[in-house]
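Number of protein chains: 2
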Amino acid sequence: MSAALPGVALKRAVSRRKSIIMVIAKVWQLVRRPEGEPTVEDFLCVEEELPACSEGDVLVEAVALSIDPYMRYKARQIPLNTPMFGSQVAKVVESKNPELPVGTHLVHYEGWRTYTVLTSQHLKDKEHFGVMCLPEMGDLPKSLGIGILGMPGNTAYFGFLDICKPKAGDVVLVNGAAGAVGSAVVQIAKLKGCRVIAFAGSDEKVAWVKELGADHAFNYKTMNIGEALSKVAPKGVNIYFDNVGGKFTAQALPHMADYGVVSLCGAISTYNEEVDIGVPSLRSPFNEGTVIWKQLHIEGFLVFRWKARWMEGLKQLREWIEQGKLKYKETVFQGFEKMPSAFIGLFHGENTGKTVVVP
Amino acid sequence: MSAALPGVALKRAVSRRKSIIMVIAKVWQLVRRPEGEPTVEDFLCVEEELPACSEGDVLVEAVALSIDPYMRYKARQIPLNTPMFGSQVAKVVESKNPELPVGTHLVHYEGWRTYTVLTSQHLKDKEHFGVMCLPEMGDLPKSLGIGILGMPGNTAYFGFLDICKPKAGDVVLVNGAAGAVGSAVVQIAKLKGCRVIAFAGSDEKVAWVKELGADHAFNYKTMNIGEALSKVAPKGVNIYFDNVGGKFTAQALPHMADYGVVSLCGAISTYNEEVDIGVPSLRSPFNEGTVIWKQLHIEGFLVFRWKARWMEGLKQLREWIEQGKLKYKETVFQGFEKMPSAFIGLFHGENTGKTVVVP
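First to last, the protein sequences are chains Y and Z. Mapping of the first sequence onto the working numbering: position 95 corresponds to residue 95, and the numbering continues sequentially without gaps. Mapping of the second sequence onto the working numbering: position 272 corresponds to residue 272, and the numbering continues sequentially without gaps.
Just chain Y, same shape as in the assembly:
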């Protein structure tokens, strides 16, 4: 293993001779805990010589790497000097496993790396972050397997439908509405007959969110959230799908209707704060008086609670895509060296839809 400068594109060192396959993977390690907003220096790109495949193993090559807000939490949790946590769509390039022939596409969670040997142990993993075959997706881009036909798609599908139990006519508030999850929630809410109020962080994003069907869409950077909600939801918000948290939620909470539901999917506006999970703090927007008197139901979730129903969600999402009822965007960064900057860009709203790095 040897260090390499970030940003330097290393050529693939896959040498295929009869008896020796020597593969050098590029791997982004987390080498420092981010303080506040992550910086490029929190990561280091190293080379890693992979072992040869044993019986049952496959060697996979990253096709599309996922960049997600939750990784900010992982950067607090994973050991330093180990691969940064993340998922990717990968293709089997060598197989000693008859069930996964060369050419098979998978989603795995082995982190920010170009090549990976997935051992029979990895493949048996039934835990949250196992290895999954890509769902059947016809001519759709394989990268959707980490987007609308993967974790973010199911996050929108289950996190909205199962937690919020929307009814036709419900007033639904979605923030981060031009993001990978938010843009799907906007459309699923419309498919269920809800009235959708969406917030995003630029006029271009707002325009797209309106194209997706939002009844009202606002740029939270130029529009007062409370005033906007007073105007378009005078009877209150029944369902609030929250990707942003913090000050946004503090402004939105007083506009909830009685018995309103908050599906707490993410809180990206707070991820760079120093308050960590499990540390006592008094900085959240869920004012207790408001929660009690409005009888609100607030629920946090991780999408893997629905792992047993994973394919149900993906099947429905694909059907909606094929019927033209569900649209998506990807913000694609070319080059594995872009992983840290693509990640940092999330905190500046640089993405529309799902952020993907193609190595």
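A couple of the hints might just be wrong.
Where chains are identical, the list cannot tell them apart; a pair therefore holds if satisfied intra-copy or between any two copies.
What the hints assert, rightly or not - Lysine-lysine pairs mimicking DSSO-like chemistry, simulated, CA-CA at most 30 Å apart:
#: 1; residue 1: K307; residue 2: K235
#: 2; residue 1: K165; residue 2: K307
#: 3; residue 1: K221; residue 2: K327
#: 4; residue 1: K165; residue 2: K192
#: 5; residue 1: K124; residue 2: K235
#: 6; residue 1: K307; residue 2: K167
#: 7; residue 1: K190; residue 2: K338
Source of the hints: derived by calculation from the structure; they are not laboratory data.
Since chain Y is already given, all that's left is putting chain Z on it; use the hints.
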């Protein structure tokens, strides 16, 4: 209507002559919005001459007046110079309503007052704060109709069973555990086979809560909440019935188990803060990262959501009392002039069990 000094016991001015019944009620009005902790000067005791009963009306006399933490919120909401909001057990002393003969006991929400004319309009009221007949309660004290066999009892019954859906073996955390609601939750949780961790505000209260069956009970003033929970709930708390909020909850939240439920009944520790319902704030203990990663379900409630099932709760509670499975205490203040001081005492934990004023 004439002002009277608080604390001065006015003699009853009920004069019963054949054709004229002239009744002077004493009434505590809210005359100033409390800033921080309420003071006696926020209230003023006045006399009010009641109208004669018309057809369908009854005149009732307060038997036991309720003192509850939620009244601190009402003191932000009701108009100034009107009777302070509250419930009481009252006895019909004059009746022009054949369904409510003299001697009938009722619970009504007409506020801090000694006498009240309940009109046919009041009696028809199907809203949250209507008039209810006392449930059948045998030889039990009538004051229980505003305690364990009334609103606080049903708050514990439904707020715990319906929101938390306890299973045998669940680890249940209750604070304010020597209060009217908390002491009932401790016992209902034990009846359902849960392991109960209780916190109260004095060693005497802790001793009582242990008598009620709590597996662990602590004085939060002398015991670090987080350390106590680490010790007695190393696998986390499944159900947290919260009467206290604020710093207590900030300490407790990191000790929730995955998928834990927080039944947000009250937040007495925060009621004197300046942050009002519906005003954006960032001072709550429900850290978003913790809520998401532990997949917590937080739900605020007002007990009147279960009004349709009101008698179901009271019937079960009475049965448990008669079977010796449910114990209660009352802290009784003698004298209507004590209303404000009894109320203020709540914020100092002066009560054990339900606070009642007997005029």
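Against the structure, the hints:
no.	hint	result
1	K307 with K235	between (36 Å within a copy, 23 Å between copies)
2	K165 with K307	both (19 Å within a copy, 24 Å between copies)
3	K221 with K327	within (25 Å within a copy, 56 Å between copies)
4	K165 with K192	both (10 Å within a copy, 29 Å between copies)
5	K124 with K235	between (50 Å within a copy, 27 Å between copies)
6	K307 with K167	both (24 Å within a copy, 24 Å between copies)
7	K190 with K338	neither (35 Å within a copy, 56 Å between copies)
Comparing the model with each earlier hint shows a violation of hint 7 alone; every other hint is respected.
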